[in-house]
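Q: Below are the chains, spelled out letter by letter.
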Amino acid sequence: MKSALPITTVVLAILAVWYVAAALMNAQLQRDLFANAGRTHYSTQELIAGSLNMERPKLPAPHQVAGELYKLVFLTPPTSKRSLVYHGAITLEETLIGFAIGSALGIGLAVLIVSMRWLDRSMMPWIVASQTVPIIALAPMIVVILNQFNITGIAPKAAIAAYLSFFPVTVGMVKGFRSPEPLQLDLMRTYSATRAQTFLKLRAPASAPFFFASMKVAAAAALVGAVVAEVTKSEDGGLGARLLAGSYYGQTVQIWAALFVAAALSAALVGAIGVVGRIAQRRMAFPS
Amino acid sequence: MTSGRLANLLPPIAFGLAVLAVWEAGVRLLHVPAIILPPPSAIAMRLAASVPTLAADFNQTIRGVLAGYAIGSLAGFVIAVLIDRSQFLQRGLMPIGNLVSALPIVGIAPIMVMWFGFDWQSKAAVVVVMTFFPMLVNAVAGLSSAGAMERDLMKTYGADYWQTLLALRLPVAMPFIFNALKINTTLAMIGAIVAEFFGTPIVGMGFRISTEVGRLQIDMVWATIVVAAITGSLFYALVAGVERRVTFWHPSYRAKEA
Numbered sequence: 001m002k003s004a005l006p007i008t009t010v011v012l013a014i015l016a017v018w019y020v021a022a023a024l025m026n027a028q029l030q031r032d033l034f035a036n037a038g039r040t041h042y043s044t045q046e047l048i049a050g051s052l053n054m055e056r057p058k059l060p061a062p063h064q065v066a067g068e069l070y071k072l073v074f075l076t077p078p079t080s081k082r083s084l085v086y087h088g089a090i091t092l093e094e095t096l097i098g099f100a101i102g103s104a105l106g107i108g109l110a111v112l113i114v115s116m117r118w119l120d121r122s123m124m125p126w127i128v129a130s131q132t133v134p135i136i137a138l139a140p141m142i143v144v145i146l147n148q149f150n151i152t153g154i155a156p157k158a159a160i161a162a163y164l165s166f167f168p169v170t171v172g173m174v175k176g177f178r179s180p181e182p183l184q185l186d187l188m189r190t191y192s193a194t195r196a197q198t199f200l201k202l203r204a205p206a207s208a209p210f211f212f213a214s215m216k217v218a219a220a221a222a223l224v225g226a227v228v229a230e231v232t233k234s235e236d237g238g239l240g241a242r243l244l245a246g247s248y249y250g251q252t253v254q255i256w257a258a259l260f261v262a263a264a265l266s267a268a269l270v271g272a273i274g275v276v277g278r279i280a281q282r283r284m285a286f287p288s
Numbered sequence: 001m002t003s004g005r006l007a008n009l010l011p012p013i014a015f016g017l018a019v020l021a022v023w024e025a026g027v028r029l030l031h032v033p034a035i036i037l038p039p040p041s042a043i044a045m046r047l048a049a050s051v052p053t054l055a056a057d058f059n060q061t062i063r064g065v066l067a068g069y070a071i072g073s074l075a076g077f078v079i080a081v082l083i084d085r086s087q088f089l090q091r092g093l094m095p096i097g098n099l100v101s102a103l104p105i106v107g108i109a110p111i112m113v114m115w116f117g118f119d120w121q122s123k124a125a126v127v128v129v130m131t132f133f134p135m136l137v138n139a140v141a142g143l144s145s146a147g148a149m150e151r152d153l154m155k156t157y158g159a160d161y162w163q164t165l166l167a168l169r170l171p172v173a174m175p176f177i178f179n180a181l182k183i184n185t186t187l188a189m190i191g192a193i194v195a196e197f198f199g200t201p202i203v204g205m206g207f208r209i210s211t212e213v214g215r216l217q218i219d220m221v222w223a224t225i226v227v228a229a230i231t232g233s234l235f236y237a238l239v240a241g242v243e244r245r246v247t248f249w250h251p252s253y254r255a256k257e258a
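Residue numbers (the numbering used here), protein chains in the order written: chain A, 1 to 288; chain B, 1 to 258.
Think of the hints as simulated: they come from the structure by calculation, not from any bench. Treat the hints loosely; a few may be bogus.
Stated by the list, open to error - Output of the computed footprint for chain A on chain B, the stretches with three or more beta carbons under 8 Å from beta carbons of chain A:
| # | stretch |
| --- | --- |
| 1 | 44-57 |
| 2 | 110-118 |
| 3 | 125-137 |
| 4 | 163-176 |
| 5 | 212-220 |
| 6 | 223-233 |
Even glycine gets a Cβ: it sits at the ideal position worked out from N, Cα and C.
One chain only, chain B, in its complex shape (with noise of 0.2 Å):
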């Protein structure tokens, strides 16, 4: 890590420690009850002491949660490529896409819980209607996003559809699709542990929070708190991190490497 790495990163670091510590010490002089805020270190016990719970609850979740984003951004690209060529699916489509994108999906979990049941398989399918339309929307605008010229490039070369999707479209359409890709880590963690305030077997984040809520073991709420933040910064820098390998091409990576 470069020196100039380092000093970017002071400033978040000192701040985080301030909060922390005002944390800390608030609590503790003011006396306010652990019901209501407990101290960070109550909770980093906490998180030390339920580590087998707190996995096992990390181990049911996960798996709705990458199902479900990956069945539903992969569905997403495919519709999107095969409605590539239709301008009369795509005019009927998009508007359609757009408006589903603003509603409040996690609303269907109660009927997934229903169709699929109690287990993950149901968190799954709710994560797959809230990541499907982000990318679909995304992965159009991606795929007519290559200039004109470079189509009449292609077309010289005698390159057919399929070449040129591959050669050019796909490559240009890519920081769409990764923009899509990180918009659904966020949404698919949402979808996960909200469906799970619907029913769930005894395991789960979502079920942890609500369950331990209704006990009042505000310490454990926060240390599974802080397990989905930790899963869901780690999802997001996962996915940015292999589209730096795939976009280098692309100016907002360039810039910072000169």
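So that you can see chain A by itself, here it is in the shape it has in the complex (with noise of 0.2 Å):
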């Protein structure tokens, strides 16, 4: 791994400047806290020792983060709603359903507009616009519909996590569909292939570069769509509820802990969809 030294340096420098801001970031909280304990004389050691470790910091320091990551994780059970691995599993149901279901339409879709080509004129314009619409805006009111229909508990939220994985998937495969090149195409057309045999010969084999990177971004697009479903939703658990009652009660710590999770399960989904769209594209022989 020729990697391997300069990503630890550079993780150790952001630990570094972690610690330093924690440092002055929290200092004058501490100052006020020696101030309400009447202690007036205090080194500067013991101000950082105590800014570096206090109960509601502005910036918990990168320990204090770890040591509740792994009380939340390791020493809790996971059946308690304190637990993070309780609240993550919500969040990760939320988001692999979601994601199924929104790649599985986003790829049906694909398929049909690169078919029918009035379908691709007309529809394809609003697919590519969408995209610059912040249609995560649209998700308080998903959960509010879905639930006039007693769709309550998890179906909201993978629902959200379908819809923001939808359209990437749909413009990708679209464009993955589409990457064949006229002399293969021609090449189809001298063996007199059928559309169908077009399609399932050439255009999908070919399109599987673009079918991993899709599944990525929806991954991470589901993702943050469960996330924000749970901040509009938060009596049912999930790590956007942890964010949203670490806010409102102040334990920025908490906070912090839930958004390592949130961030660990969006890497391992995006990692483990590199890992087999890497292990898949070399046993099809493309060039990586």
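Build the complex: two chains, separate frames, hints provided.
A: Right, dumping it as structure tokens:
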């Protein structure tokens, strides 16, 4: 691994900056704490140690976040409502269901668009335009609308996750199905291949790189959708609900811990898709 | 406008109008309650009736969007130019930048609201973090995209680092930079609106959406979404228009003009 040393260095540098920032940002709070406790004499060392170990810091130090993560992930039973495994599992479930539905619908629509000209000309501009629209703004409304139909719990959040992952998949897969060159398409024509055969033997395999790239974007988008949906309907739990609860009660350490779990989930999903994609593309003899 | 472009515009417009017509007719014929889905005409009327409120929301949200977009994109660009000379830093920062680009960064909204208060500054801060990494990753890729031949040519001219940067590598990097700028328009809108779900003064598009949903005034929610959608599209179109001017030499534009 040629990149191991640079990455480690950069990560260490980030941690160092984080510690300095935490000490600086929390110093005033800690001074107030000392003043309230009636202490007027304290060394700089005590001040720094205090600012890095506060109950409700402005910016928690890395070791505090790590400690909270360890406590809420490993020491708390996964059934407890405080456990981040419990909330992470809720978020992951919503994300995966939404991701599966959204990608399936996206691929289906892409197939339709590629095979029907009138759909391409009338619908594609709207789908491309929808990428520039902050569609996440619809999330709170979808939750309420589904609530009217007595659809509660995981379903509304999975719906939002699906809906956020839908558009990038459609756009990416249309590009992928169109990626074969005219030369290759002409070859299929000289074989007198039917449209279905051209699609199955040329367009579908050629779209593999676009497929995996779209899946990565879709997984990340689905997780964002699930987290934001949980914020708008927080009573069912999930990482977004923990973020909101933390911001209500000023529990900064808890917010950071929930954020890190969300980041880890996203990185794991995207990383897993990347690994599968690399293996699949090597087997299909794509140049990497 | 030529007749060719008109012919290209016709199908999507017809499709959009058809969707609106089906929506309007469906809602009216099936007696869908307005709490679930108001007809487009009701949304249009609500939009026309609440222009002052919507304008105030727009005014509030756009500050966070523009300030964050400008600072985040500029910072990403500057850092990219700075680390451009160090292979070591690039190898260390790029994987991290790629990783962070895939993370649910909007989650930092509650933290930023705590740090920078309820007003637009906290929304701008969220947008700064969201737009920084796409620009960093794209600008670094763009700066390294000049070919070896062109670089050698600059060397034979006796050009120094800055001359090569300004005359060759920055222009070549422009398509990448504009790609990031276009991605960032959407991210900036999303960041500002979602950050407003976590707390604002009583104005702003995200605030309007979350409170009107609570009051079951769904037509007002739709009116706000229409404003957000138009704002997002115009913002994107503006950046795309500047891109056409700046990278007029790029094949993807040259082909169309011919």
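Q: A separate judgement is required for each hint: does it hold in the structure or not?
A: Results for each hint:
Restraint check on the stretch 44-57 of chain B versus chain A: 0 residues with Cβ-Cβ distances below 8 Å, three needed, restraint violated. Counting residues of the stretch 110-118 of chain B whose CB falls under 8 Å from any CB of chain A gives 5; the rule of at least 3 is met. Remark: the stretch 125-137 of chain B is not confirmed as covered by chain A, as 0 of its residues place a Cβ nearer than 8 Å to a Cβ of that chain, below the required three. With 0 residues bearing a CB less than 8 Å from a CB of chain A, the stretch 163-176 of chain B misses the requirement of three and the coverage assertion fails.
Counting residues of the stretch 212-220 of chain B whose C-beta lies closer than 8 Å to any C-beta of chain A gives 3; at least three are required, and the coverage claim holds. Proximity of the stretch 223-233 of chain B to chain A, defined as three or more residues with a beta carbon under 8 Å from a beta carbon of that chain, is established by the 6 residues found.
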